[in-house]
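**Q** Each chain is listed here by its residues.
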Amino acid sequence: MNPANDHEKLRSLLSLAASGALDPADEISVETHVRSCPECAAELEHWQALTGGLHRLPTPQLSPVVLQRTVALVREAQVARDERRATFKILAPILALSWLSTIFSWPLFELASEALRVLGIHFEPDWRVFAFFMIWTWLAAAVAAALLSSHQRHDRRLA
Amino acid sequence: MVLDADVVQLRRGDLDALTALIARYQNRLYRYLLRLVREPAEAEDLFQQSWLRVAEKIRSYDPSRSFDSWLFTIARNLALDHLRRVRPRSLDEPALRGSDSESLADRLPSGEILPLDRILEIERSGRLAAALLDLPASYREVLSLRFEEEMKLEEIAEVLGAPLSTVKSRLRRSLEQLRSTLEGYNFRGDLS
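These protein sequence lines are chains A and B, in that order. Numbering follows our numbering, in which position 17 of the first sequence is assigned residue number 17; successive positions increment by one, without gaps. Numbering follows our numbering, in which position 73 of the second sequence is assigned residue number 73; successive positions increment by one, without gaps.
Since the hints were derived computationally from the structure, they do not count as laboratory data. Where hints are given, some of them may not hold.
To spell it out: a stretch of chain B is covered by chain A in this simulated footprint if at least three of its residues, at any positions, have a beta carbon under 8 Å from a beta carbon of chain A; those stretches are [unchecked claim]: (1) 14-25; (2) 29-36; (3) 64-73; (4) 134-148; (5) 169-177.
Glycine included, each C-beta is placed from N, C-alpha and C at the ideal position.
Bound-form chain B, shown alone (with noise of 0.2 Å):
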């Protein structure tokens, strides 16, 4: 496996290297924390949790591994702990609704003018990611690290810590308990 230059000056010590990573995967990780933890503020210490125990075990890191199942997999375990610390049985359990499901309006800059297509668009994606909200932590996680990571299923299992058998059992159902919830909004996925 080639190791990525940032990641071998990380190891190095260097800070600048460092910066350059939570830079590089700042999007890609907030957004898995927030599918994982739901709550923004949440998923913004865990983010910096994540981080902050990334510098300290970069020396363990083996570089064999995908970096970036790494640093997944260290941020879900931060995730995990957290969530069972402050939601215990929220695992495996449907989300309940809270405070982040915006509407059409709430996700729109005020004053601003999108064409038809665009605001249907934005409409399908609001429903689908509310509809993703509403399945328990460890579906929204496997679909997240599958379609918006778009991580192999090895990687997966991977960050998983589970066979590959499981991760794909477990997409299925995701997928099937997420057009069960659509269908549920009177939404027959007219997604494309």
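The following block holds chain A by itself, in its conformation from the complex (with noise of 0.2 Å):
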């Protein structure tokens, strides 16, 4: 390689070679030619000084009072995103109990009427009743898990 070219290209790696940022193999050269030659030897020098005050600048401090309102904050949200984990573990299987009572309840509901028959108490399916009594199931479903929820989340407050 052309000895001007090769002094060219390595000097343009010293700004790396002062970072720590090269390649072994470009490392070595860049050393060794630093060694023959003074201009790199100073220009090295020069941003040796350049990315030590880079290291050395002082480090802002975050105020105490942002770090207690951080801390605060972030466990008031990790709080309530567990409730809401909590809450949903509970209304998930209510929920699916009720999707269930209400696929097979309509055959169940037949049944029921079949047996009172032979009892011999006349009971007559309709889809009104059907209707009222479903809407009556989602409802206390509801409420017990609202209440259930409350309660949980009364209970976590506290502990």
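Fit chain to chain and form the complex, with the hints in mind.
**A** Below, the structure written as structure tokens:
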């Protein structure tokens, strides 16, 4: 390689050399070149002074008030998230149960009316009775879920 | 990779571990955000948002990645969104000097008498910090990650979401521009 080109190429690597950002092969080339080139040695020293200054820049300090506020805010958000998760854990099975009961209750409803007929009680299955029964079940489940979730939230806050 | 005990605890939902992590990273993360957005109030706000995001996303954190890189990536994304919103052209343009450029007197506690070497050191780092503030955000960022956070180039590439070659060339350009800015102040790099 032409020594002049070599010099220019290695000179362009000096800032990265001072940053410790060269590949091992380039690092060795720069080190070797700098030993025989006073101009590049001075240039490298200049870059090292600059990067050294960057390393020594004073660290801005976060205000303790901001730190405390952040901790409080994050804890609050985390507690709220845990509560949502816990509520979902309660609501999801109740919801699933409600859907299943809706699907399976019509045949059960018919079976029950058949059983009542055998016992001598005449009961004609009717969609209005069924709908009333369903709405009642759903409302009862929703109230139970809300009460349970509120009770658990209260317990967690006390804990 | 060995996973930090506090990170493990946090993934299990331990709030004390989160408090410990916030305390441990407080100055590093704040410094990085301050270098990016330059305004202390904005950096403080982003600091809070970053930790809220960490607590929200910790279950999706991949333990094979470095926690530092993951944390700084979250902070960076929030800071960039913020900068795009409030100063859309500020990412690659030199910053305008604002109210945060302090004089030496501003940085000294009132009435404090310091030895000459210490005063010169403060003055030098003050000029360097001022020159750093004059660089575009993308340059300030790479310099801060490399020299203040002392991240490896691979980690910086992970935070920036850029190839290693881009990180190297950005680092070189940042240093060149910093040097030229300092020379513009008639300050021939006497920082040793």
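**Q** List, from low to high, the hint numbers that the structure doesn't satisfy.
**A** Number 3 only.
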